[in-house]
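Residue numbers (UniProt numbering): 1 to 89.
Take these hints with a grain of salt, some might be off.
[As the list claims (entries may be wrong)] Label pairs and their computed distance ranges (CB to CB):
no., residue 1, residue 2, range
1, G31, K58, 27 to 37 angstroms
2, D26, K58, 14 to 24 angstroms
3, D52, L27, 30 to 40 angstroms
4, G31, S51, 31 to 41 angstroms
5, G31, S2, 14 to 24 angstroms
No wet-lab data here; the hints were simulated from the structure. It should be emphasised that the depicted structure is a prediction, and the values quoted were computed from it without experimental measurement. Every residue, glycine too, gets a C-beta built ideally from N, C-alpha and C.
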Amino acid sequence: MSDAIRDALLSAWLDLVAALELSDDDLVDPGFVSDVLGDLTTDLRSSLSQSDRALLVKLIRQHAARESDPERREVFEETPEHFGLIDDP
1 MSDAIRDALL
11 SAWLDLVAAL
21 ELSDDDLVDP
31 GFVSDVLGDL
41 TTDLRSSLSQ
51 SDRALLVKLI
61 RQHAARESDP
71 ERREVFEETP
81 EHFGLIDDP
């Protein structure tokens with residue numbers, strides 16, 4: 001996979017995560033958000049090796065550092081932990 005495709009997919013995924021996390025509860029059911037993000041967490045944890053998760057965390061942090069909107073940046077910064085991408089010491 002090219003870096004351009006990888007970066008585009010990462011950006012789209014993070015945009016979706018931010019949209020779901022920041023959506024009004026009246027607009028998007030919180031239970032739905034929890035279910036969807038929980039399923040994504042399970043998929044990522046089971047399909048990525050430790051080194052792939054570490055790379056993904058690095059890429060997410062780089063993306064967060066470029067984000068100018070404080071709310072979205074916070075969501076991006078919290079994503080590695082929320083998705084179980086960081087192994088407990």
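Hint check, failures only: Violated: hints 2, 5.
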